[in-house]
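The task is simple: from the sequences and hints, build the whole structure.
Number of protein chains: 2
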Amino acid sequence: MSQEAQKSSVITIEHAPEYAGEVVTVRGWLYNLRESGKLLFPIFRDGTGVMQGVISLKEQPQAFEALKGLTQESSVIVTGMIQAEPRAPGGCEIHIQAVEVVQKVPESSPYPIQLKEHGVDFLLDQRHLWIRTPRQAAILRIRAEAIRAARNYMDAEGYTLTDAPVFTPAACEGTTTLFEVNYIDDQKAYLTQSGQLYVEATAAALGKVYTFGPTFRAEKSKTRRHLTEFWMLEPEAAFAHLADMMDLGEGLVSAIVQSVVKNRARELAALGRDVSKLEKIAAPFPRVTYDEAVKVLQTAGNPTKWGDDFGGDEETLLSKEFDKPVIIHRYPAAMKAFYMATDSERPELSLSFDMIAPEGFGEIIGGGERQSDYETLVRRIRESSLPEEAFQWYLDLRRYGSVPHAGFGLGLERTVAWICGTEHIREVIPFPRMLYRVYP
Amino acid sequence: MSQEAQKSSVITIEHAPEYAGEVVTVRGWLYNLRESGKLLFPIFRDGTGVMQGVISLKEQPQAFEALKGLTQESSVIVTGMIQAEPRAPGGCEIHIQAVEVVQKVPESSPYPIQLKEHGVDFLLDQRHLWIRTPRQAAILRIRAEAIRAARNYMDAEGYTLTDAPVFTPAACEGTTTLFEVNYIDDQKAYLTQSGQLYVEATAAALGKVYTFGPTFRAEKSKTRRHLTEFWMLEPEAAFAHLADMMDLGEGLVSAIVQSVVKNRARELAALGRDVSKLEKIAAPFPRVTYDEAVKVLQTAGNPTKWGDDFGGDEETLLSKEFDKPVIIHRYPAAMKAFYMATDSERPELSLSFDMIAPEGFGEIIGGGERQSDYETLVRRIRESSLPEEAFQWYLDLRRYGSVPHAGFGLGLERTVAWICGTEHIREVIPFPRMLYRVYP
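Chains C and B supply the protein sequences, listed in that same order. The opening position of the first sequence corresponds to residue 1 in our numbering, with each subsequent residue numbered one higher. The opening position of the second sequence corresponds to residue 1 in our numbering, with each subsequent residue numbered one higher.
The set of hints was computed from the structure by calculation and includes no laboratory data. Source: prediction; values computed, not measured. Don't take each hint at face value.
To be verified - List time: in silico DSSO-like cross-link candidates among lysine-lysine, alpha-carbon distance up to 27 Å:
{"no.": "1", "chain 1": "B", "residue 1": "Lys220", "chain 2": "B", "residue 2": "Lys188"}
{"no.": "2", "chain 1": "B", "residue 1": "Lys188", "chain 2": "C", "residue 2": "Lys222"}
{"no.": "3", "chain 1": "C", "residue 1": "Lys188", "chain 2": "B", "residue 2": "Lys188"}
{"no.": "4", "chain 1": "C", "residue 1": "Lys305", "chain 2": "C", "residue 2": "Lys336"}
{"no.": "5", "chain 1": "B", "residue 1": "Lys188", "chain 2": "C", "residue 2": "Lys220"}
{"no.": "6", "chain 1": "C", "residue 1": "Lys58", "chain 2": "C", "residue 2": "Lys38"}
{"no.": "7", "chain 1": "C", "residue 1": "Lys188", "chain 2": "B", "residue 2": "Lys220"}
{"no.": "8", "chain 1": "C", "residue 1": "Lys280", "chain 2": "C", "residue 2": "Lys320"}
{"no.": "9", "chain 1": "B", "residue 1": "Lys222", "chain 2": "C", "residue 2": "Lys188"}
This is the structure in structure tokens:
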């Protein structure tokens, strides 16, 4: 390494434009290499971005030899001068002076993901490597920003994080999608399907709370919207009603989207996302009752009758009416879970709501007001054939100081998939778990 | 409700002092009631704090009757005038004008947790109610602040959150503490013991990353420091070494502690925590080698020999030498996991470190530099009798652009237990899971 190189400061690619005219060192991987006679045009990545380099045999023979023929994804430490170059991705390139190859990927067993199209099953098998691809890395950075924005919003709204347990004694969303665990000494436990019941308890202790963690459903259907392991943000507030949660939900979703638009513009551009559609996402969102939604569907020629649940087709149809997420509220009570409160004026309706993302990305929020009356809740648990014994602690919340309370669950992956404009939610979680996939 | 009451604004107890002289409404629960002839002195809680009230039969006969004899934890909406009262907890009290009882806890089945000492097994059975107790509520609010501070610190240091999966194909920390899950269609999966292997993959994609989520170990020992489900924050950085992670660890822990000291002073006071001890927690922390630590122990009369692991007694003895967390580094390689890098100058040592909290609260961080050489790692996997097939993806990280990298795991519950000064970590997680406990 030259004298010059040793003095240079180590930088990350995202900050490279700030060092135009300076000699710097970048540590990362060779993403691509174009050879053109006595010139080499490598592209480096370091996790924060990609940067094009240039080197000539004549000027830097030693570094040229080190780079020439170097295999994709070999790890390198590169020193050179940053120069502004408007045509290059990121607005600059590096004029290479020295290259240290940290590990060379053997030519006999090259990096399995080439710069071409691969089938998705192959890519999922290589997920630990696939995430290095600029598109996947951009999605993961957007996911992290969405989580950061969501937590900041909840904290600023006075909600206290109270993590719900993963091990639970019983089902909360029906037994068909329940994962059973072999607990210690032949005991059985189940993986949480939702932290809701637990945040109802912590809301009675702390007022306004949320949980944000992984939840599990043994989804036997192989659809682009289902994972067996996914993250949910679930707020719950004591003395809160349906309208409070619709307000909170639209504030939260607006905050997430605007934070990504502001802080991850480069990543959205890398995905080719139409940002003008995201810029419009600001509260208030349109709200329609279930009754009205059924009429909208029927007018559009959809066969849905009052009392039917909405599937993906119906959600897409409804979302096309609006350029913001749409809130549908007061679904038939028969359609919703045992814990949902009913409308005192029309007992056939539940005080529930869903939020449907625009552009056909489906439901991102479901929630509403909870049943706070002890007797009614016992009846609903029995009607739902749930194990009453396992719910004694939950019933205690109605025995001891029951209050009106409400909350919702926001599906992180569906929200991020919409923001990224990706069809499949398997791309928006670092290591997706699905029907036949727990590897890598 | 009086005309006055209807006009009042709804406030939370933590903000009550700002409303001195104003009529306000508070929504919450009756925490305690002292009756003194024609005067009642209730204490209310609303999740943000507790506030004393006062009411006389003569001035407010209707509200007096509503409150008189009211059972503990009944839910109420109370309106009255806030008055500064230096002797009261929180510095003010409410002169009650109106009381609406939302739900009265029946006298026939009173709230099970009385204002007296209960056994811990009883309290753990009632965890969904126990968290309403001011001490438990304070701990949970401190936990939430610790998490907020930790995430903010990592984000500010340029680390990207990449959630590790809970479902994994194999053990990472030995098979004896592994939980097995009945996955779909007779497949088997295991609950993650650590996200480390996965953040090693995301670090090669994004540079500096962390995961922060629940991890699982089937701990068959019933100690005050073990849970079967606990949260870990695990950073990992490409091109990083042992020293970088010791720096990051002390910065992170300092940030967490100082954030709690600053933003949760009221809660620390409620716990009777000696805050002067926490105020001292600022980087740099003392660092001693394993070699030195053994000598310190031997000088103190402890029978530890070189090559022995440190147990709780040794950790306590070492931590007593310092009023800050102490970092012990370069443990014997034989003592550490297969993925740990060794010291090139002394191959019998690993490039590892632990951080031990002061005051006998034990290990809060363990980490170090990872083995980046493919051949050595394969050998270590075989020596550890781990299923090589399940680690093929992990070995790929050394096949394709291996770089020096390092990271650590911070145990959230142990850190919060230390900050709170609580002996048992079961109190610092909303719903603790232990050997024989998955309920409530």
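**Item:** Violations among the numbered hints, reported as their numbers in ascending order
**Value:** Hint check: nothing fails, all pass.
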